[in-house]
Amino acid sequence: MNGFGARAARHIGFQVGVVLLALFVGTALLSLVWTPYAVDALQMRSKLLPASAEHLLGTDHLGRDVLSRIMVGARTSLAVGLIAVGLGMSVGVALGAWAAARGGWVDEMLSRASDLVFAFPAVLIAILITSVLGASAGNAILAIAIFNVPVFARVTRGAALAMWSRDFVRAAVALGRAPVGITLRHVLPNIASVLIVQATIQFAVAILAEAGLSYLGLGAQPPTPSWGGMLRDAQTYIFQAPELAIWPGLAIAMAVLGLNMLGDGLRDLLDPRLRLLRVG
Amino acid sequence: MIEFLSRRLVAALVTLVLATVVVFAVVEVLPGDPALVMLGTDARPDTLAALRAQYGFDQPLSVRYFHWIGGLLRFDLGASHAYGTPVAKLIGDRLAVTLPLAGLALGWALLVAVPLGVFAAWRHGRASDWGVRGFTQIGISIPNFWFGIVLVLIFAVTWQIFPAGGFPGWAQDAPRSLLSLVLPAVALSLSEIAILTRVTRSALLDTLREDYVRTARAKGASEGRVLFGHALRNALIPVTTVAGLIAGFLVAGAVIIESVFRLPGVGQLVYDSINNRDLAVIKNVVILFTILVLAVNLLVDLAYALLDPRPRVTA
Amino acid sequence: MEALHRRRLLGAAGAVATVGLFGPDVWAQAKDRLVIGMSLEPPVLDPTKNAAAAIRELTCPSVYESLGRIDRTGAVGPGLAASWTVSTDGKEYTFKLRSGVKFHDGEALDASVVKFSLDRLFAPGSTVPAKSLYTDIGKVEAVDSTTVKITLKSPNSYLLYNLSLGDAGIMHPKSAATNDKHPVGTGPFVFQGRKEGDSVSFAKFSGYRDAAAIKLNSVIFKVVKDPSAQVNALLAGDVDTFPGFQAPELVARLRKDARFAVVVGTTEGEVILATNNGKKPFNDLKVRQAMAHAINRKDLIEAESGFGTPIGSHFPPHNKAYIDLTGTYPFDIAKGKALLAEAGYPNGFDASLKLPPVGYAQRAGEVLASQLGKIGIKVAITQLQWPQWLSEVFKEHNYDLTVVAHTEANDLDRYARDGYYWNYNSPAFKAKWREVVEATDFARRDELLKECQRIIARDAVNGFLYQLAKIGVWKKELVGMWENSPTPSVDLTGVHWKA
Chain A
1 MNGFGARAAR
11 HIGFQVGVVL
21 LALFVGTALL
31 SLVWTPYAVD
41 ALQMRSKLLP
51 ASAEHLLGTD
61 HLGRDVLSRI
71 MVGARTSLAV
81 GLIAVGLGMS
91 VGVALGAWAA
101 ARGGWVDEML
111 SRASDLVFAF
121 PAVLIAILIT
131 SVLGASAGNA
141 ILAIAIFNVP
151 VFARVTRGAA
161 LAMWSRDFVR
171 AAVALGRAPV
181 GITLRHVLPN
191 IASVLIVQAT
201 IQFAVAILAE
211 AGLSYLGLGA
221 QPPTPSWGGM
231 LRDAQTYIFQ
241 APELAIWPGL
251 AIAMAVLGLN
261 MLGDGLRDLL
271 DPRLRLLRVG
Chain B
281 MIEFLSRRLV
291 AALVTLVLAT
301 VVVFAVVEVL
311 PGDPALVMLG
321 TDARPDTLAA
331 LRAQYGFDQP
341 LSVRYFHWIG
351 GLLRFDLGAS
361 HAYGTPVAKL
371 IGDRLAVTLP
381 LAGLALGWAL
391 LVAVPLGVFA
401 AWRHGRASDW
411 GVRGFTQIGI
421 SIPNFWFGIV
431 LVLIFAVTWQ
441 IFPAGGFPGW
451 AQDAPRSLLS
461 LVLPAVALSL
471 SEIAILTRVT
481 RSALLDTLRE
491 DYVRTARAKG
501 ASEGRVLFGH
511 ALRNALIPVT
521 TVAGLIAGFL
531 VAGAVIIESV
541 FRLPGVGQLV
551 YDSINNRDLA
561 VIKNVVILFT
571 ILVLAVNLLV
581 DLAYALLDPR
591 PRVTA
Chain C
596 MEALHRRRLL
606 GAAGAVATVG
616 LFGPDVWAQA
626 KDRLVIGMSL
636 EPPVLDPTKN
646 AAAAIRELTC
656 PSVYESLGRI
666 DRTGAVGPGL
676 AASWTVSTDG
686 KEYTFKLRSG
696 VKFHDGEALD
706 ASVVKFSLDR
716 LFAPGSTVPA
726 KSLYTDIGKV
736 EAVDSTTVKI
746 TLKSPNSYLL
756 YNLSLGDAGI
766 MHPKSAATND
776 KHPVGTGPFV
786 FQGRKEGDSV
796 SFAKFSGYRD
806 AAAIKLNSVI
816 FKVVKDPSAQ
826 VNALLAGDVD
836 TFPGFQAPEL
846 VARLRKDARF
856 AVVVGTTEGE
866 VILATNNGKK
876 PFNDLKVRQA
886 MAHAINRKDL
896 IEAESGFGTP
906 IGSHFPPHNK
916 AYIDLTGTYP
926 FDIAKGKALL
936 AEAGYPNGFD
946 ASLKLPPVGY
956 AQRAGEVLAS
966 QLGKIGIKVA
976 ITQLQWPQWL
986 SEVFKEHNYD
996 LTVVAHTEAN
1006 DLDRYARDGY
1016 YWNYNSPAFK
1026 AKWREVVEAT
1036 DFARRDELLK
1046 ECQRIIARDA
1056 VNGFLYQLAK
1066 IGVWKKELVG
1076 MWENSPTPSV
1086 DLTGVHWKA
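Residue numbers (my numbering), protein chains in the order written: chain A, 1 to 280; chain B, 281 to 595; chain C, 596 to 1094.
Hints listed in this document are in silico derivations from the structure and should not be mistaken for laboratory results. Heads up, some of the hints might be wrong.
In the DSS-like style, the derived pairs of lysine-lysine whose C-alpha atoms are separated by at most 27 Å in a straight line are [stated by the list, open to error]:
1. K1093(C) with K1070(C)
2. K710(C) with K686(C)
3. K369(B) with K644(C)
4. K930(C) with K881(C)
5. K369(B) with K790(C)
6. K369(B) with K990(C)
7. K969(C) with K932(C)
8. K369(B) with K820(C)
9. K874(C) with K990(C)
10. K973(C) with K893(C)
11. K369(B) with K776(C)
12. K851(C) with K1070(C)
13. K748(C) with K1027(C)
14. K1093(C) with K810(C)
15. K748(C) with K734(C)
Partial pick of chain A residues on the chain B-facing surface, computed with a CB cut under 7 Å [said to hold, decoys possible]:
16. M109
17. R112
18. L124
19. Y237
20. N260
All values reported here derive from a predicted model rather than from experimental measurement. The beta-carbon is built from N, C-alpha and C at its ideal position, and this holds for glycine as well.
Modelling step: build the complete structure from the supplied sequences, incorporating the hints.
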C-alpha cells in the first residue's frame, strides 16, 4: 500500500472525488448540529422568496429556508444510500462467496435468482415494493437494497472463483480447512478492493435511485427534506420560482459525481484491471 | 454453440416462470381493495362483496394465477379492471408514445456518443480526451429527471421553444406531438450518451492495440484510414451490444421521465395502474417488460456467440 | 463543427415550433368545437358502475339525464320528468315524464324504462356505488307509459335531490350492460369514442328534444393530470377550458394571459382534518378542542394561494342554511396548550397524519403538522395512494388524523352514520338528522340543519378547515360555463362560443 499515497497524489479525478464526498458527508454531519433555520419552520408570509443575504438560496412554497433543507437532505441521501448499499452488500457478498465456495446447485440457484432480479424493470419494481409496504425512507432503502444484492453477489462470485483457483487457497483446501474459514481468511480479504470499488459506485447509484423514488413521493416522507422530494415540490412552482428546481438537483449531481470519481479513482489506484458492473 | 444457446434459452424460460410467480405474488399483496376503489366511500359491504365476486377477486390464489398464465399463453392479457377495455389495447396505445421516445433517445445518444467516443480515442491521453471523459463522468452522475426539469426551465419556460410537458396526441397534432418528445428524449439520453461514449472510446482503444491494426499502420495506412477503415468497424460490435441493452432499459425505465414530462407512455400506465389497483394491467405490463429484458439478453448472447469466435466464458 | 451542428439543430427545432404556435388556431376556425381539460380521468363511463366523480362530470347530464335536474345554483328542476307531485306524508312521489324523448340508439323513453333504471339502484344484488342513497325506496311502478310512482318506506326530504343526481341517470335496458364502455343515454351529446389515458369525445345528438338550443357540435374531454401540464395545455391552445382547475399556485400565471377568464366559484367540498374520534387520545373532547384552537385557517388558505373560505363546521358557506361557526374555537395556541394539559397531556403526544395523494391535502398536511407541533402534538406524515387511503383509513379506521375534502352535497348525514371512519357517535346528532331527513317543510329543514352544524362544531368532531374553491379557467369567448360546482357535472347545454 506504500505507493498508494504517492499515486493518489497524482490522480486528480480521485482527489476531486474525495473533496466532493467530504463536502457531501461534511454537510450531512453539520446539519446534525447546525442549520441556518429550522427545516420545518413554516413562514407563510415569506414564501417563495428569491435568494438573499437572509436566505442564501431563498425560501420554498411554505416559506422554509432552502439551504437548510438542502443540508438536511444530504443527511437523508447519505443515510438511505449507506444503509441500502450496506444491506445489499452484506447479503450479496455472503451469497456470492457461498456460490463460489459450494458451486453446483447452490451456484445455479443463485445465478437464476440474480437473473430474475436483473430481468425486472428496476424502477417499476421499486415502485411496487414501496406501494406494498408503504411509502417511507425505510422501505425505499429496502427497495434499493434488493437490487444491490445480485450486483454484489455476481462481483463477489466472479472474484472469489478466481481466488479459489489460486495456489495458496488450493493449499488451504488440501490442508483440510473448512470452506467458511478459507472464505473468511483467504478469499474475502483478497477481493476486498473489488468490493470497495463496487460499493462506491453502488453508493452513487443508490443516491440516484433514492432521489428518483422520493421525486415520485415514495421516499422519505415530509416534512423530512429529501432532494428528490424538493424537486417534486419545485416543479409545481417552476413558473414562479424556477431556481427552486436548480439547487436540489445540483446537490444530487455533485454527490453522485463525487462518488463516481472516487470509485473510478480507487479502481485505477487499487487495480486498474478490475471489471465493474454498472447497473441502473 | 447449439448447446450453449439452448442452455441460455432454458435458463431464460426458468427465469421467466419465476418472474411470473414473483410478480403475481407482489401484485396480490398490494394493500388496498380494488372493489373499494371502484365503488368509493359510499359503497355498502354487500355491494362490495357482490363486485368482488363479479371480478373473481374472491377466488383462491392458485386459480387466479393459472387463469392469468393460461391467458398469457393464449396471448390474452385480459381486461383492465378500471377501464373495462382489453389490456393489450391499453398497452398498444401507450407504446405509441414510449417506443418513439425510446427510439429518439437512442438515436440521439448514438448520434452524439459515437463521434464523441471516436474523437476521444483519436485524441487519446490529450486534454480533449480528458474533457470527454470528464463529460461522461458528469453525464452518468446527473439524475435524468433533474436534467429534464432543467431542460424545461431553459427551453420551455425561458425560451418557449418546446412544450414543457404533456402530449397532444398523434391524431390531433402530429408535429407538436413529435416536438413534445424532444426534451424528454434528450433528458433520457444523457446518461446513455455518457455510457455509449465510454464504450466507443474503450472499444476503439482496444482494437487499436490489435495486431491487424498495427499491421495496417506498419503498411503505411493513414491514421484516418486506420481509425475509420479498420478499427471503428470492429469497435462497433460492443457499441451495438450496449445500445441493444440500453434500448431495453429505455422502454422499461422511462417512468420517471414520463412523469416529469407528463407523457402518457407505458411507464405512466403502470404507475397509474398501481395507484388505481388495476391489477390486470400491472402484472401484464411488468411481465412484458421482463420478457423484453430477457429477450434482449438472449439476443446479446446470440450476437456474441455469432460474432465473437473466442470461447464463451459464462459470467 | 460541434457548435455548428448544435446551432443548426436548434434552428430547425425553432422552425417547427413556430408552425405549432401559429398553425391550427382551433377556436378561430371551429366555433362549435370545445376541448375541455379534466384533471381526473373517468375509469368507465357509467356512474352506476364506479364512484369516480369524473364519470359524472363527463356524462351527467351530457349523456345520462335523471328525472330531476340540478341547475347551476344547486336547485332541483324538471329533468326527464316534466313535473311531479308528492303526497302529504312525504312517502309517495308521482312523476310525469316528458314525451317524445329518445335514446341515442333510437329507443324511446317510457315509464317502464324509468322503472328498470331505478329498480337497478336498490335491487338486492345491485353493485351501484351510491346504493345507500336509494334504499329508502320501497317500490317503483309504471302507472302508464308516462307516469311513474315511487313509494318510500319512510319519508326522505333528499329523495328528489338524490333522484336528480347523475347516479340516478336513466338508462335503457338494451344498452345498460355496455354503458361502461359505450354510454347511451337521452342527453344532448352522443359518445363518439375514447382513448384511455387521453380523451373521450362526444358529438351533438341530433335527436335531442331541444336540439336547436345545443350550440356545440363536438366536445372533447382531454385528461391532463398534472397542474403545470394543465397550464401548458391552456397556453398552447390544446384545451379551451379547465372547469375545475386544481392548482391554485398557478392561477397567477393564467391571470397574466389576456386570452383567459379565471372565475372563482364555490364547491360542495369541505376540507377537514378528519380525526379518529374512537381512538385515544382523540376520544377526549378536550384534546379535539385543543387541536381546534391550534389550527390557523388563515395560513392554511394562504398555502392554497388564498383560495378557499374558512369554515367552522361541515357545511358550505354559500348554502342558505349556513351559519358561521369559525369562532367556536378561535386560533389560540395558549388555550390549546392549556386544554391539552387539562386532558392530561402537558407534554403533548405523537400522532399519525395519513394523507391521500391530492395537492390540497399534501399542502395542508405539512402546514397542520407544523401548527399542531406548536401545542406539542408531534405529527408524523405518511403519504398514501388512494387505494391505501380507502382501505387503511376509511375502511379499517387505522389512523389518527387525515386531511380530505368531502365533496358530496348534503353530506352532513355522515356524522349520523354508525361505523363511519371518524367513529363519531352522538345520539343528539342522530336524532336531529332524523328530523332533517323526515322534514317535509324546507324552511323548517334549514333551521334543523343549523342546529346540526352547531352540534358537530361544538363537539369538534374534525378540524374544520376551509371550503374548496372552484377555479374555472376558460377562453374569454366561451359563454355559459358554470361558475359554481353544486354537483359533479360539466353541464354544456347552455355553453357556446361568442359569435
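Evaluation of the provided hints:
no.: 1; hint: K1093(C) with K1070(C); in the structure: 10 Å, holds
no.: 2; hint: K710(C) with K686(C); in the structure: 17 Å, holds
no.: 3; hint: K369(B) with K644(C); in the structure: 21 Å, holds
no.: 4; hint: K930(C) with K881(C); in the structure: 11 Å, holds
no.: 5; hint: K369(B) with K790(C); in the structure: 10 Å, holds
no.: 6; hint: K369(B) with K990(C); in the structure: 33 Å, violated
no.: 7; hint: K969(C) with K932(C); in the structure: 9 Å, holds
no.: 8; hint: K369(B) with K820(C); in the structure: 21 Å, holds
no.: 9; hint: K874(C) with K990(C); in the structure: 15 Å, holds
no.: 10; hint: K973(C) with K893(C); in the structure: 21 Å, holds
no.: 11; hint: K369(B) with K776(C); in the structure: 13 Å, holds
no.: 12; hint: K851(C) with K1070(C); in the structure: 13 Å, holds
no.: 13; hint: K748(C) with K1027(C); in the structure: 19 Å, holds
no.: 14; hint: K1093(C) with K810(C); in the structure: 11 Å, holds
no.: 15; hint: K748(C) with K734(C); in the structure: 9 Å, holds
no.: 16; hint: M109; in the structure: 10 Å, violated
no.: 17; hint: R112; in the structure: 6 Å, holds
no.: 18; hint: L124; in the structure: 6 Å, holds
no.: 19; hint: Y237; in the structure: 11 Å, violated
no.: 20; hint: N260; in the structure: 5 Å, holds
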